[in-house]
Every structure is written in C-alpha cells, then in structure tokens.
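Can you make the complete structure from the sequences, with help from the hints?
Top line first, the protein sequences correspond to chains R and C. Going by my numbering, the first residue of the first sequence is number 1, and it counts up by one from there. Going by my numbering, the first residue of the second sequence is number 1001, and it counts up by one from there.
Since the hints were derived computationally from the structure, they do not count as laboratory data. We treat Cβ as the ideally placed atom computed from N, Cα and C, and that holds for glycine. Treat the hints with caution; some may be incorrect.
Claimed, not checked - Only pairs whose alpha carbons sit at most 25 Å apart, straight line, appear in this in silico SDA-like list of lysine to any residue: (1) 1083(C) to 36(R); (2) 1083(C) to 1040(C); (3) 1083(C) to 1257(C); (4) 1083(C) to 1122(C); (5) 1083(C) to 27(R); (6) 1083(C) to 117(R); (7) 1083(C) to 1038(C); (8) 1083(C) to 1062(C); (9) 1083(C) to 1126(C); (10) 1083(C) to 1050(C); (11) 1083(C) to 1260(C); (12) 1083(C) to 1093(C); (13) 1083(C) to 44(R); (14) 1083(C) to 1097(C); (15) 1083(C) to 1226(C); (16) 1083(C) to 41(R); (17) 1083(C) to 112(R); (18) 1083(C) to 1094(C); (19) 1083(C) to 42(R).
As the list claims (entries may be wrong) - Over the 10 Å line for every Cβ pair with chain C, so calculated as not near, a few chain R residues: (20) 28; (21) 33; (22) 109; (23) 124; (24) 125.
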Amino acid sequence: MSDSLAARMGPSAGPSPYGRQGSSANLADILERVLDKGVVIAGDIQINLLDIELLTIKLRLLVASVDKAKEMGIDWWEHDPSLSSRARPPQQVPTGHPVKTDRGSDPLAEENRQLRAELAELRAAIGSPRSADGHPTDHEEEQ
Amino acid sequence: MTSHLQGAASPGQPRRLSTEQRESDHSWSSYVYAIGRAGTDLDAIAPRLTGLRDGRVRTVAADGLAALVSSVPAGAFSAEGMKAQLENLTELEQIARTHHTVVEAAHTGATVLPMRLATVYLDDARVRAMLRERGAEFDALLSRLEGHAELGVKVYADPRAAAADPPPAAEGPDRAAPPVSPGRAYLQQRRAQRQTQRDAYRAAGALADEVRGRATGLARDRVTHRPQQGELAAGAGENIANEAYLVPVDRLREFHRALAGLADGLPGVRIEVTGPWAPYSFATPPAESRSA
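Have a look at this one:
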C-alpha cells in the first residue's frame, strides 16, 4: 500500500495515532475490543473454557450487567416516581415530556419518605438533635 | 516452568530465542495477533514488532493469507496458564496492550483482521492449517474491511459538570429568596440537583441520537457496545452511549468534523471519539454480523 493509513488519518488523531493508541489508550477501550471483539477462531488451546473466564473478567472489570445497565440506563428518569411533574419547578418543565404518574400510590409521599430518611441521616451526621419526623416544614414544602 | 521462563526474560539480558529455535521447540506455542493477506506490507512490518514475552513477531503464510504470530511459552499460554494470567489485572493489561500494539502496528500498513485475545496454536503448522480451513471466510472479511478503520464514539452525561456550570437563568429564585429552614433548603437543593441531573441525561440522550444519525451517514457499518460503567470506565460522568463505526479512511476527517462541536453549549454532556482503531468490532464473519 503506497499511502499508509497513518498518513490519511483525521486531524484530531495527531501525527502518530497508532503509537498513541497502543501505549496510552484507555484500558477499558482496549479490553472491550480485544476481549469481546475481533475474530473468534478455535485455537488449539481450549479457548471455549477461556471464553467463560474472559466473560467473567469482562463483566467484573468494565461492563455492567444488563440489569445494571437498565438500572442506570438512559431512560431511568422516565420511571422514577420522584421526578413527577409536581416535583419540578414550573418554569423548567420541558414541553412535550410525558408525565409518568402510573406508579399507583402517590409519588410525592414516596419522595417525602426518602427525603425524610436522608434528612435524618444528615442531621445525625452533623449532630443536630432534631429528628426529621418532628419537622413540620418538610411536609409543607412537599405540599 | 512459567516462572523460570519469565525470570530468564526479565532481567538486564532479555532472552531472545531465534525464530527457528522457538518454532521447533515444543515448549513454545504460536500466538496469533491478526490475519492479513500474504505478500503485503505485513512481511515488512512483522520483524519490527515485539510480541508477548519479548517474542519476535513473524508472518506465517498459507493460501495467500498471512498470520502475525509470535512464540509464547507453552506453559504460561496453556488453558490453565492463560486463565491464571488473565485473572490478574496487571498481567491482563500487559497482554491486552501488547496484543493491541501489534494489531495496531499491522493496521497502519495493511488491512488486517484482529484476533480475539488469547488465540493460541500448538505450532506454526497448526496456524497454516487454520488459514487454509478458513481461507474463504477471511478473504471475504479482508475485502470488506479494506480501506476502513474503526472509530469509537462515546456520549457521557455528567450532571456534576452541569451543576458546576449551570445554564443562564436557571435556579435564580434560590439566591433572592429569604433564609429558609435547613429542611426546606435541603429539599430545594435536592430538587435542583434532580432537575440538573435530569436535564443532563435528557440532553445526553438527545445528543446520542443526533450523533448516531450523523455518524451513520458517514460510516459503512455500526456496532453498539455496552456503556462502560465498571471500575475501568475512565471518563467523567456516566457513559450512556458507546458505539463503534466502520469508516472509510478517506472519510475519517469528515467524520471528526461532523461530530465536532455537537456538545458545545450542553453543560454536563460530552462526546468522546477514540481511534482510529483496527476494525476489531467489525471482524466477525458476515454470517454472524449485523445486517448492514
């Protein structure tokens, strides 16, 4: 090949993109490719056994499970009852966003409970004698 | 066995056996990094590369194809030996980086199919047999990947960055409001945090869609990776989209330009483009690959 790939690389790749990649590329990016991608052919060494190990390593080191991904995924707020319309300052309600209130019981009550618990923890941490349950303004705030 | 080979190789005087010595010795196995076409620049590149355990890289050819191979200690690269090595993150990193460095170097001068990590044969004869057996498949893949490179594109949502750099006119009332009780202040703060978070995630989601749209138009193929969320995920914020694109090398510049600046003015949202990589994510046989 007369003109090498390196000579035709994009501007942000720098003058020696491959050297940079090989020496300092993000390990997660490398492992993602060398463990999970690339041509899989049966070597003489028991690669099938290894596959299981590789998968274990991969999951442990860099890739979350499907459940974890769902839990932390891009649409998590869609299902978070604490993010219903009434919990948002009115001027920042994005138009066209469907308000999810299909979780049955009152989401505000749930959030209130969570916040009270966190408040209690915070107060305990800073040594405040008041308990969260005895504080009436919290409830007013939510109504 | 493993340890004395390692020990001999590490201090001042590296133990470098000649190719002939390693090939004829049954205590060595043949580790395959990548496959390309025989008679290309691969033959020139190989001798300049150092593989695992300081082994010299060579080409092993059959039926017009060439594998980039180096000899590795058979014990350390047996199923048990490899398992032990790969369970250790330091050793895994070393193997992965060495494997990757050889593949990348080959990719600069030739079209190659990167092998999955830890593809090991008993000797070079077995490598040749594999090349003959799978020749047609490799040939088709090489034709498909010729003149292409892989670019990785990740989109991150970083609510903390958004909070540090709030958009104008947001959260204004808090400053002007009269002093509030600790509980009220806390709840207001929580509310603002959640709002900022939700905005960052929503903006990142929308950006990921736009990136996908633009990038797909310039790429020959696309593969979706799982978002990086484990302990090795290095980027600040949360990775919400992680994709790889197979891009013609004469379009790499255009690809970068198309994505540049898309995240500007979006606090808490970031695009990261990595590569060019050897086409790891597109090296699976067509039968198993995604329909284009």
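How the hints compare with the structure:
no.	hint	verdict
1	1083(C) to 36(R)	holds (16 Å)
2	1083(C) to 1040(C)	violated (34 Å)
3	1083(C) to 1257(C)	violated (43 Å)
4	1083(C) to 1122(C)	holds (17 Å)
5	1083(C) to 27(R)	holds (19 Å)
6	1083(C) to 117(R)	violated (46 Å)
7	1083(C) to 1038(C)	violated (32 Å)
8	1083(C) to 1062(C)	violated (30 Å)
9	1083(C) to 1126(C)	holds (22 Å)
10	1083(C) to 1050(C)	holds (23 Å)
11	1083(C) to 1260(C)	violated (42 Å)
12	1083(C) to 1093(C)	holds (14 Å)
13	1083(C) to 44(R)	holds (15 Å)
14	1083(C) to 1097(C)	holds (17 Å)
15	1083(C) to 1226(C)	holds (24 Å)
16	1083(C) to 41(R)	holds (18 Å)
17	1083(C) to 112(R)	violated (50 Å)
18	1083(C) to 1094(C)	holds (14 Å)
19	1083(C) to 42(R)	holds (16 Å)
20	28	violated (4 Å)
21	33	violated (4 Å)
22	109	holds (14 Å)
23	124	holds (13 Å)
24	125	holds (12 Å)
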